[in-house]
Amino acid sequence: MICKINTSSLLKAVSVVFFAFLSFLSYSNKQSQHSSVSEDHSVNKSVHENTTKNETVDITKVAFEHILDSHSWHFWGEGHDALVFSLPIIIYSNTKGLQAFMSSKFDHGQASYNNYTLVDEKIISSDTKESFYDLSITKNVVQMFISVALILWLFISIAKTYKTSGIRTAPKGKQSFFEPVIIFVRDEIAKENIGARSEKYVPYLLTVFFLILINNILGLIPVSANLTGNIAFTLVLSVVTLFVTNFGASGSYWKHIFLPKPYFLWFILMPIELVGVFSKPFALMIRLFANIAGGHIVVISLVGLIFIFKSIYIAPVSVAFTLFIDILECLVALLQAYIFTMLTALFIGSAMEDHGHSNEEAASNHN
Amino acid sequence: MNQLFILAGLLEPAVGLIFWTSITFVLLLVLLGKYAWKPILNAIKTREESIKTALESAEKAKLDMLELKSNNETILNQARAERDMMLKEARETKDTIVSEAKQKAQADADKIISSAREQIISEKNSAVADLKKQVADLSIEIAEKILKTELSNNDKQKELVSSLTNNLKLN
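Protein sequences, first through last, are from chains L and G.
When we follow the numbering used here, the leftmost residue of the first sequence carries the number 367, and every step to the right adds one.
When we follow the numbering used here, the leftmost residue of the second sequence carries the number -8, and every step to the right adds one.
In short, the hints are calculated from the structure, not lab data.
Mixed in with the good hints, there may be bad ones.
As the list claims (entries may be wrong) - Output of the computed footprint for chain G on chain L, the stretches with three or more beta carbons under 8 Å from beta carbons of chain G:
no.	region
1	499 to 506
2	513 to 524
3	548 to 559
4	568 to 580
5	667 to 680
To be verified - Straight-line alpha carbon distances no greater than 30 Å define the calculated DSS-like cross-link-like pairs of lysine-lysine that follow:
no.	chain 1	residue 1	chain 2	residue 2
6	L	Lys557	G	Lys29
7	G	Lys36	L	Lys529
8	G	Lys79	G	Lys93
9	G	Lys124	G	Lys136
10	G	Lys136	G	Lys147
11	L	Lys540	G	Lys93
12	L	Lys557	L	Lys646
13	G	Lys43	L	Lys538
14	L	Lys566	G	Lys43
15	L	Lys529	G	Lys43
16	L	Lys529	L	Lys540
To be verified - Here are a few chain L residues that sit away from chain G, every Cβ distance over 12 Å (derived from the structure):
no.	residue
17	Glu444
18	Ile489
19	Phe599
20	Tyr629
No experiment lies behind these values; they were computed from the predicted model shown.
Every residue, glycine too, gets a C-beta built ideally from N, C-alpha and C.
Start from the sequences and build out the full structure, keeping to the hints where you can.
Right, here's the structure in full:
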């Protein structure tokens, strides 16, 4: 027992030292790169000043660069040593139509292509009259495709296992891992909140749950994209939830919104109820986005402490806190997927519920 | 100012991502719904139902077994009671047979004794009669002999006649 504790504590100590060393390496690397960059541009004085200014790393900028979407997938390194995958840029413009080219054409925002330039990961056209939509396959889109492929492979292969091995054999492998989760979503989320007619909504809830869960977990991997922490992604999910909720709504739900009681407060209550229809999915959108983005910002800020204090001695503290936050984030990944699905089911259930207003009304009419 | 711009970028949903997410999400919903959730949920449901029916039938079998067991018990009890009754009856029959035999034997013995007694009496009577006869015969013989001896001489005959005549005179 004592021996075990010793080995585990030793392991901890070694890992802490290792991570501290790692962060020191990356720090010194950055230092040397910055100095080399400044040497390169030493001819141009203004540029030189700019880079020396940048040597005090702008943590806020770095953090938001990690949180926000990108038109290329940056793995590691700076400048020419960097491992960066350029991604397809797709632009639909009212004047030029559909255009597609690789993001390498922009040369990391240094060059312009077809009158387009990339400024802070935002495509800007030099033609002021042109209005266009940026439909690029960004880092987040790529990660979404990867996650969707993963989910499709996972669950279609599980479905195949059910077909081949039948229902008589005990589940095994992936099947035995995911079956309790599927049953949990079906029984504890759908049936619990929607009630008798929950079966129709189970596929939607399962899809939402696993899409969010898988992307939350993928987002925790360094260098991966922050898809569930992107407001556009959560916006689409909550809009679909809005549709699903209101299409299955009962008559009493609409009556409650458009003819709320008491009638003399109708002009106040009706707008409030109507806002409530949209505020629920809006809260879903903000909750998921803010939780995931916030977690990532905390992690980057903790690592950024090393650069703010300009001391490697802060590294063990950063690493320890980052480890703690990462473990917390694993919990949050699961929890947010559960909360989004559970609240969706709750909204569907409350919209489908027959409040018995008609009975109440009949009673009041008699009086 | 720059940071505010970045923050706006964080909160502003990008059209491209909305576009691709919508398409992908709807596709994922359809594909998963058709090829994954439907077979998985159906399989889970049928398995749950089969487990339920299996449990129910097991419960029923258990009840049947219990019923059978209680039936067996009653049958066994009945058989035991029947056996006891039969034993009791046999014992009773034995007792009656023995007592009847005893009574019969007693009656026979009584009969034998009574007939023996009757025979003894009759034998005794005949013997007495015989004895009487013999005694009469003997007394006659004796009387004959005495008479013979008495009447063998004249004196005595005279004497007798005289005595007899004497008796007659008296009368």
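To see whether the hints hold, each was checked on the structure:
no.: 1; hint: 499 to 506; verdict: holds (count 7)
no.: 2; hint: 513 to 524; verdict: holds (count 6)
no.: 3; hint: 548 to 559; verdict: holds (count 3)
no.: 4; hint: 568 to 580; verdict: holds (count 6)
no.: 5; hint: 667 to 680; verdict: violated (count 0)
no.: 6; hint: L:Lys557 / G:Lys29; verdict: holds, 17 Å
no.: 7; hint: G:Lys36 / L:Lys529; verdict: holds, 13 Å
no.: 8; hint: G:Lys79 / G:Lys93; verdict: holds, 21 Å
no.: 9; hint: G:Lys124 / G:Lys136; verdict: holds, 18 Å
no.: 10; hint: G:Lys136 / G:Lys147; verdict: holds, 15 Å
no.: 11; hint: L:Lys540 / G:Lys93; verdict: violated, 93 Å
no.: 12; hint: L:Lys557 / L:Lys646; verdict: holds, 20 Å
no.: 13; hint: G:Lys43 / L:Lys538; verdict: holds, 21 Å
no.: 14; hint: L:Lys566 / G:Lys43; verdict: holds, 23 Å
no.: 15; hint: L:Lys529 / G:Lys43; verdict: holds, 20 Å
no.: 16; hint: L:Lys529 / L:Lys540; verdict: holds, 14 Å
no.: 17; hint: Glu444; verdict: holds, 20 Å
no.: 18; hint: Ile489; verdict: violated, 9 Å
no.: 19; hint: Phe599; verdict: violated, 5 Å
no.: 20; hint: Tyr629; verdict: holds, 38 Å
Hint check: violations occur at hints 5, 11, 18 and 19; the rest are consistent with the structure.
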